[in-house]
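S.K.: As a plain string of letters, each chain reads:
There are 2 protein chains.
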Amino acid sequence: MDLSAPSSLDLPRPKPGDGLHTLSTPLPVIDEDKLAANIARVQSYMDSHKLAFRPHIKTHKIPALARQQVEAGAAGINCQKITEAEVFADAGFEDILITFNILGEQKLARLAALNERISGLKVVADSIVTVTGLAAYFTGRKPLTVLVECDTGGGRCGVQTPDEAAALARGIAASRSLRFGGLMTYPKANTEAAVEHFFIAAMAYLAADGIDCRIRSNGGTPSLFSAHLVPSATEHRAGTYIYNDRSMARAGHCTLDDCAMHILATVVSRPTPERAILDAGSKALTSDLLGFADYGHIIDYPEAIITGLSEEHATVDLSKVEGIRPEIGERIRIIPNHTCVVSNLFDVMTFHRNGVVTRVEEIAARGLVW
Amino acid sequence: MDLSAPSSLDLPRPKPGDGLHTLSTPLPVIDEDKLAANIARVQSYMDSHKLAFRPHIKTHKIPALARQQVEAGAAGINCQKITEAEVFADAGFEDILITFNILGEQKLARLAALNERISGLKVVADSIVTVTGLAAYFTGRKPLTVLVECDTGGGRCGVQTPDEAAALARGIAASRSLRFGGLMTYPKANTEAAVEHFFIAAMAYLAADGIDCRIRSNGGTPSLFSAHLVPSATEHRAGTYIYNDRSMARAGHCTLDDCAMHILATVVSRPTPERAILDAGSKALTSDLLGFADYGHIIDYPEAIITGLSEEHATVDLSKVEGIRPEIGERIRIIPNHTCVVSNLFDVMTFHRNGVVTRVEEIAARGLVW
Chain A
1 MDLSAPSSLD LPRPKPGDGL HTLSTPLPVI DEDKLAANIA RVQSYMDSHK
51 LAFRPHIKTH KIPALARQQV EAGAAGINCQ KITEAEVFAD AGFEDILITF
101 NILGEQKLAR LAALNERISG LKVVADSIVT VTGLAAYFTG RKPLTVLVEC
151 DTGGGRCGVQ TPDEAAALAR GIAASRSLRF GGLMTYPKAN TEAAVEHFFI
201 AAMAYLAADG IDCRIRSNGG TPSLFSAHLV PSATEHRAGT YIYNDRSMAR
251 AGHCTLDDCA MHILATVVSR PTPERAILDA GSKALTSDLL GFADYGHIID
301 YPEAIITGLS EEHATVDLSK VEGIRPEIGE RIRIIPNHTC VVSNLFDVMT
351 FHRNGVVTRV EEIAARGLVW
Chain B
1 MDLSAPSSLD LPRPKPGDGL HTLSTPLPVI DEDKLAANIA RVQSYMDSHK
51 LAFRPHIKTH KIPALARQQV EAGAAGINCQ KITEAEVFAD AGFEDILITF
101 NILGEQKLAR LAALNERISG LKVVADSIVT VTGLAAYFTG RKPLTVLVEC
151 DTGGGRCGVQ TPDEAAALAR GIAASRSLRF GGLMTYPKAN TEAAVEHFFI
201 AAMAYLAADG IDCRIRSNGG TPSLFSAHLV PSATEHRAGT YIYNDRSMAR
251 AGHCTLDDCA MHILATVVSR PTPERAILDA GSKALTSDLL GFADYGHIID
301 YPEAIITGLS EEHATVDLSK VEGIRPEIGE RIRIIPNHTC VVSNLFDVMT
351 FHRNGVVTRV EEIAARGLVW
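Protein sequences appear in the order of chains A and B. Numbering (the working numbering) for the first sequence: 1 to 370. Numbering (the working numbering) for the second sequence: 1 to 370.
So here's chain A without its partners, still in its complex pose (with noise of 0.2 Å):
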């Protein structure tokens, strides 16, 4: 082994100024025009029904892209988990609800620790026992928000009815560690009518009991544009609208010219006149299907199909594909079917304009699951 070469791994990362044609595949790469254009556009949506806007980070995982959104209009941000919305408190945010059940001493420490460094932290609960566990760690502590979380159809975390919503306001409220926010909610796309229903029933059981109902937060890109469908929501939280992706286009909240994400990849065999091969497998576009069939969108091939995925290769149907067919070594473009998942497996964004590369953001909540 010849010593004298850099024993650092010297990686090909793209740089301002780079043609995008020159940059090693595969890789995720970000239009500036189309995110401003996503961000503007719900933004618009929201300040137009006067609806707060919670964008939820986890789709970029940047706190750059989160100042844009906040410089947009944007009150506030969403995270998952407690490590997420510590890099966001790193880089200056304030306002950050946890949408996360949050349990256990070395967790909990460090929510108590979060929660002395920002001015607007809020987390969510469904049980007494994660109330529990809250009121008794933040007990001699600043007080912590906590909002309880709804299941109005969406299956996934929530109490079940609006009596256990309040039931569980009532304890939170009777503790003197902790505040309640408000109500929140994961819901199912186009259950306006659900939401509603559960947010209504909820508040006026708060009421009785002469409890402040503050905020009632909706959730989902699905339902962003019937969010005004929702009218006792104070604020919508969305994530996937900032990239978009193919299924979000499938479901009519988007185009997939709206898609801000392009995965480029290279062809890298044509063992046979209908099969294609790609140097893009689930570790660059994960094998999330969504409902899909088949893998992502190629855009520069619309009747090629990703009929499967390798970790590190795609195999690719041409059958469909009349006249020209890619060649080895061409370079072609891929609208994932799901956009978050992918900023989970890449260290940096490259953002460009017009076949440049604009900057390079390092995806700093990266791999961040605690």
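In case anyone wonders, no lab produced these hints; they're calculated from the structure. For clarity, every value in this text was computed on a predicted model and none was experimentally measured. All C-beta atoms in this analysis are idealised placements derived from N, C-alpha and C, irrespective of residue type, glycine included. One should not assume that every hint holds.
[As the list claims (entries may be wrong)] Some chain A residues near chain B, calculated using beta-carbon distances under 7 Å:
1. Ser127
2. Ile128
3. Gly158
4. Thr161
5. Lys283
6. Ala284
7. Gly329
[What the hints assert, rightly or not] To spell it out: a stretch of chain B is covered by chain A in this simulated footprint if at least three of its residues, at any positions, have a beta carbon under 8 Å from a beta carbon of chain A; those stretches are:
8. 270-276
9. 340-352
[Stated by the list, open to error] Chain B is nowhere near these chain A residues, computed Cβ spacing over 12 Å in every case:
10. Ala37
11. Ala64
12. Gln68
13. Gly140
14. Ala249
15. Leu309
Model the placement of chain B on the given structure of chain A, informed by the hints.
M.R.: For chain B alone, kept in the frame of chain A given last:
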């Protein structure tokens, strides 16, 4: 914001001596004894059949584990991408086979630099385009060893027939800057006869041309214990076996008890008697189904079914769990459907014996897709 708080993220990383039960979840952990047994079992099989064994490092991406594999008797390693190989060359490995078509100036430059550093670099190619690119770039440099990738039924990369393999081999052998190293394949499981036929036929053509076919590299964990049914193979490559996973157990290549990787998770919600929510989602397990209808095997509650995965939550159906059901705050262990992709989500891997952390290794090649 309290600026006296530390600005760098002090992650809750495990340390040697920690009890597993104290660690923050979700967290993948590796049982040292199962790991050692998996390494020994496969090496013993290979030794008994006089097959050289070339482990694929993609499953762990950790140089120390590759050293364990080599110390047990493995002859060289397998990487999928150049940057993976660079990390392992940095760690002292000399015999590295990169099973990928390498194309493009940037990657060829890195390949040439790697070839200068180590004594046993080999790549594969399945087209004259790839071979021509390699031959041109390596003109005037230390010659590069190239194997021909053969599609023996796997349906991914590879020349389609033995005579195409021989033709490409002739192209490699004719180049002054390349050396023909032999044949390589990544077959479907249970296709030993097809692999043997292809290798034998290609070798006959090559022998007729006076071209030495030194290496015949077969591969795959599913084909591991039938590798001896390809007598013409000189070596076998496999990655997944070192940890094993639910997919390998279902196929009969190991038992669930041989699965060295568990994902530790915590129950964060019990919204209904039949539903539990865990803090491990697709960002800890990946959504790789690999033919399963559900997302992993819960060791502690075998009848529980992970019916849905969000990015940071698992939705678990408890309806078939008789007797005691898990409670909020309870820690459970999951065997993933697919272990290789889990390694690529995390920065470190935690090892343990008898419930105590033994070591924590950096996943050195995490996220390296070029």
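S.K.: Check each numbered hint from earlier against the structure, then list the numbers of those it violates in ascending order.
M.R.: 2, 4, 15
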